[in-house]
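Participant: Each chain, written out:
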Amino acid sequence: MVDATPRMERDIPPAEVPELELYHPKSWWTTYVFSQDAKVIAIQYSGTAVAIGLVALVLSWLMRLQLGFPGTFSFITPEAYYQFITMHGMIMVIYLLTALFLGGFGNYLIPLMVGARDMVFPYVNMLSFWVYLLAVLVLVASFFVPGGPTGAGWTLYPPQAILGGTPGGQSWGIILMLVSLILFIIGFTMGGLNYAVTVIQGRTRGMTLMRMPLTVWGIFTATVMALLAFPALFVACVMMLFDRVLGTSFFMPALVEMGEQLSYGGGSPILFQHLFWFFGHPEVYIVALPAFGIVSDLISTHARKNIFGYRMMVWAIVIIGALSFIVWAHHMYVSGMHPWFGFFFATTTLIIAVPTAIKVYNWVLTLWRGDIHLTLPMLFALAFIVTFVNGGLTGLFLGNVVVDVPLSDTMFVVAHFHMVMGVAPIMVIFGAIYHWYPKITGRMLEDWMGKFHFWVTFVGAYAIFFPMHYVGLVGVPRRYPEIGEAAFMTAPVGNLNAFISVAALVVGFAQMVFLFNLVWSLRFGKEAGPNPWRATSLEWQTPITPPPHGNWGDERPVVYRWAYDYSVPGAPEDFIPQNDPWPEKAAARPA
Amino acid sequence: MAVALILVLVVLGSILFHILSPWWWTPIASNWGYIDDTLIITFWITGAVFSAVILFMAYCVFRFRHKEGAKAAYQPESKRLEWWLTVVTAVGVAAMLAPGLYVWSQFVTVPDEATEVEVVGQQWQWNFRLPGEDGKLGKSHNRLVTFENPLGIDPEDPAGQDDIVIEAADLHLPIDKPVKMLLRSIDVLHDFYVPEFRAKMDMVPGMVTYFWFTPTRTGTFEVLCAELCGTGHSYMRGMVAVETEEDYLAWLEGQSTFADLSAPQKLGAAEEAGP
Chain F
1 MVDATPRMER
11 DIPPAEVPEL
21 ELYHPKSWWT
31 TYVFSQDAKV
41 IAIQYSGTAV
51 AIGLVALVLS
61 WLMRLQLGFP
71 GTFSFITPEA
81 YYQFITMHGM
91 IMVIYLLTAL
101 FLGGFGNYLI
111 PLMVGARDMV
121 FPYVNMLSFW
131 VYLLAVLVLV
141 ASFFVPGGPT
151 GAGWTLYPPQ
161 AILGGTPGGQ
171 SWGIILMLVS
181 LILFIIGFTM
191 GGLNYAVTVI
201 QGRTRGMTLM
211 RMPLTVWGIF
221 TATVMALLAF
231 PALFVACVMM
241 LFDRVLGTSF
251 FMPALVEMGE
261 QLSYGGGSPI
271 LFQHLFWFFG
281 HPEVYIVALP
291 AFGIVSDLIS
301 THARKNIFGY
311 RMMVWAIVII
321 GALSFIVWAH
331 HMYVSGMHPW
341 FGFFFATTTL
351 IIAVPTAIKV
361 YNWVLTLWRG
371 DIHLTLPMLF
381 ALAFIVTFVN
391 GGLTGLFLGN
401 VVVDVPLSDT
411 MFVVAHFHMV
421 MGVAPIMVIF
431 GAIYHWYPKI
441 TGRMLEDWMG
451 KFHFWVTFVG
461 AYAIFFPMHY
471 VGLVGVPRRY
481 PEIGEAAFMT
491 APVGNLNAFI
501 SVAALVVGFA
511 QMVFLFNLVW
521 SLRFGKEAGP
531 NPWRATSLEW
541 QTPITPPPHG
551 NWGDERPVVY
561 RWAYDYSVPG
571 APEDFIPQND
581 PWPEKAAARP
591 A
Chain E
1001 MAVALILVLV
1011 VLGSILFHIL
1021 SPWWWTPIAS
1031 NWGYIDDTLI
1041 ITFWITGAVF
1051 SAVILFMAYC
1061 VFRFRHKEGA
1071 KAAYQPESKR
1081 LEWWLTVVTA
1091 VGVAAMLAPG
1101 LYVWSQFVTV
1111 PDEATEVEVV
1121 GQQWQWNFRL
1131 PGEDGKLGKS
1141 HNRLVTFENP
1151 LGIDPEDPAG
1161 QDDIVIEAAD
1171 LHLPIDKPVK
1181 MLLRSIDVLH
1191 DFYVPEFRAK
1201 MDMVPGMVTY
1211 FWFTPTRTGT
1221 FEVLCAELCG
1231 TGHSYMRGMV
1241 AVETEEDYLA
1251 WLEGQSTFAD
1261 LSAPQKLGAA
1271 EEAGP
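These protein sequence lines are chains F and E, in that order. If you count the first sequence from 1, position 38 lands on 38 in this note's numbering, and the numbers rise without skipping. Remember, this note's numbering sits 1000 above the position in the second sequence when you count from 1.
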């Protein structure tokens, strides 16, 4: 037996500091609304993220209706189309994926998985959610102001973002967008500090860093990255707001709009792009790393086998996190920045493929000689691997500077990033919800609805985004509401676009089954018991399910081992919980 | 069983779609065949990796799916295997990066004999400027843009007087002559994109960006804007005609210089002052 994580029972220190008193809520309002319990905040974050995510889903239907059947829907003007794509992108990346992984899963899982009673700063944690909600409301408000929301593309590149030729540029749309982002970052920073400090300071006795589940490693690393990356977006938003409202010229050179000389001068549009992508590239991994972590735990639990190469997996997460701060300009190969940057950024970008590939190998090697239970979380984990490998490999096209030149700004890029940071992480989100729903509610999600949801979503999403790469190869630029037939096309893309649109509508409607399942199972789902998956990590060992405020009853658990002791030879069962001192003596399990 | 089968079908379906579908890139009309070659190498390497990983996964699902009484193996890690995989991956990555960087160094090195052609983007049309007989483009600035001087050419600069101005019309280029495309914008970001040339580059107000290529095939090619530039973005189209030297020179004869275009303005001013 290879001793990957030496067991150190004797090194577990006695508690030196008495536990702090938790603030216990005294009324309905402080229990369910202005709650300081990380688990309630997690539900609030998730509910808000899913609600605004549904708006993004509807927007994606509208844009696919236009692309699949151009000219059929007269209300989809080019202005409206650009507003749809902009709001869809921004909502999905920031207000859904970031908020759900960190605010949702981070809040629910970090304290439970590291054996803490709550986040270290519960009050600030509560504020984090309310500021996030405010950011979402400001974003939603932009749909109802004169001129509508901004249509500048989710990248908000100036000068067009704040000029009249772009929807919302000279009305309220762009202003509300920027204010909403600023609020989001303020709210995130409050939550993010909590997640990072809780992992560093709040772990229970025996929970060394190298015993933490990879879920915690993923969320922790992503949080640290977000705390370093979001400030770049913050200053970019503040400066652009000044350019728009006060007439400064941070990003605005001398220019002529529709025949009229504007008073701007001396600013640099490319500076904005550097700031945006200094945030924007780490953002990809802020979404991906929690997904990496969670999927590792799903695969390990449901294949009844330890994650293969745990230490390599931890280091890969950390190295990917660090490298992702020096690859940002691969989004800017054709931006007009100095072309020599291409050598540097192509090299760093392709280097990042190595630790990423190691993670993929270790996931599939975990399946090797496992005892694979094809449960819903496992199915979604498999779908994640397929879509992530596909999307990751097309990243090697776009990262390799010269190959990027013909493909940049085409539908190939859209297909790539949807596969790698849209579909793949969302597969993990679904898998994670099927996995942890029993802990959160005490009931299982209905299996047949889940199977239906899985097959339609996985096969459908692949049918949407795999052919989309070829629309880009043909040469169709992104952000075109209509391309028609052009001489450069080797074959017309109209039928292909219509096929993609139909697939998108079907996949979208399958999500309604999922939402129905969430509500239906709350009441009619099978009773789950405390540990239905027979998992090892601490959240499954709480004395009460769903865990109440404070999580652990009288005494916090003590950790004796890593989170991956599955199928250990000689053990009485095929899993040994982290707080079980076996073989010294068997711990009492919650019934 | 069904799961493993569908995973295999995903791989087979992807490969068949790649081979059989009619959607592929447009035949090249420039010297950047190397870019296409690098793309093909990347397709081969990534396609092999994708198939290998997913088929391996399908095999695992088939072979090690849960059976009554089965137990998983216990193997936390294998240093040897992990290092092997790391090295093999690094070699594969290098096999894509090396040709990529080699071609990029050609892409960013403009040959001395390349003639300069300026493209000026504005919402939502393409304008062009060619150097006149002196072979030099005159100075320009967005502050100088007026209705009469849409490209903002500096009237004080003698080098600009003989520049050929093509406003909202087609650009013609001679075949087999390398050109350095100088890219400017007078309002927002645009991107000069001709699918057949493979090369593209953003146009940024306040800067002159560039790329170079040699047209290798005669014909007319559509210019598209590839950087979101407002509501008219998808309508911002133009044409580039690549012609033989003779046809090109014949076309060039019919074009107006900046000085020609400035003259009627003076005439108009005289008329106004007349009565």
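Just so you know, the hints here were simulated from the structure itself, not pulled from any lab data. A hint or two may mislead.
Distance condition first, Cα-Cα at most 27 Å in a straight line; then the derived DSS-like pairs of lysine-lysine [what the hints assert, rightly or not]:
{"hint": "1", "chain 1": "E", "residue 1": "Lys1067", "chain 2": "E", "residue 2": "Lys1136"}
{"hint": "2", "chain 1": "F", "residue 1": "Lys451", "chain 2": "F", "residue 2": "Lys526"}
{"hint": "3", "chain 1": "E", "residue 1": "Lys1136", "chain 2": "E", "residue 2": "Lys1079"}
{"hint": "4", "chain 1": "E", "residue 1": "Lys1180", "chain 2": "F", "residue 2": "Lys526"}
{"hint": "5", "chain 1": "F", "residue 1": "Lys451", "chain 2": "E", "residue 2": "Lys1071"}
{"hint": "6", "chain 1": "E", "residue 1": "Lys1067", "chain 2": "F", "residue 2": "Lys451"}
{"hint": "7", "chain 1": "E", "residue 1": "Lys1139", "chain 2": "E", "residue 2": "Lys1177"}
Participant: Are there hints from earlier that the structure breaks, and if so, what are their numbers?
Facilitator: 1, 3, 4
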